[in-house]
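Using the sequences provided together with the hints, build the complete structure.
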Amino acid sequence: MTAPRAAEFRWRASELTRAMATCAAFALAAAVIGARGS
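UniProt numbering puts the first residue of the sequence shown at 1, with every later residue one more than the last.
If you are wondering where the hints come from, they were derived from the structure by calculation, not from laboratory data.
It cannot be assumed that every hint is accurate.
To be verified - Just the calculated beta-carbon pair ranges, DEER-fashion:
(1) S14 x R36: 28 to 36 Å
(2) L16 x G37: 25 to 33 Å
(3) P4 x A25: 27 to 35 Å
(4) P4 x R36: 44 to 52 Å
(5) A3 x R36: 32 to 40 Å
(6) A3 x A24: 30 to 38 Å
It should be emphasised that the depicted structure is a prediction, and the values quoted were computed from it without experimental measurement.
We put the CB at the ideal spot given by N, CA and C, even for glycine.
The structure is reproduced here in structure tokens:
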């Protein structure tokens with residue numbers, strides 16, 4: 001009963017981490033493009 005719940009929690013955490021990493025990558029790319037533009 002505990003194992004599936006732990007796996008689900010881990011999956012949700014990884015989903016959140018991936019979303020944050022994607023957002024950070026977009027922000028970094030925007031900063032680089034902005035710096036290159038100016």
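Numbered hints the structure breaks, given as an ascending list:
5
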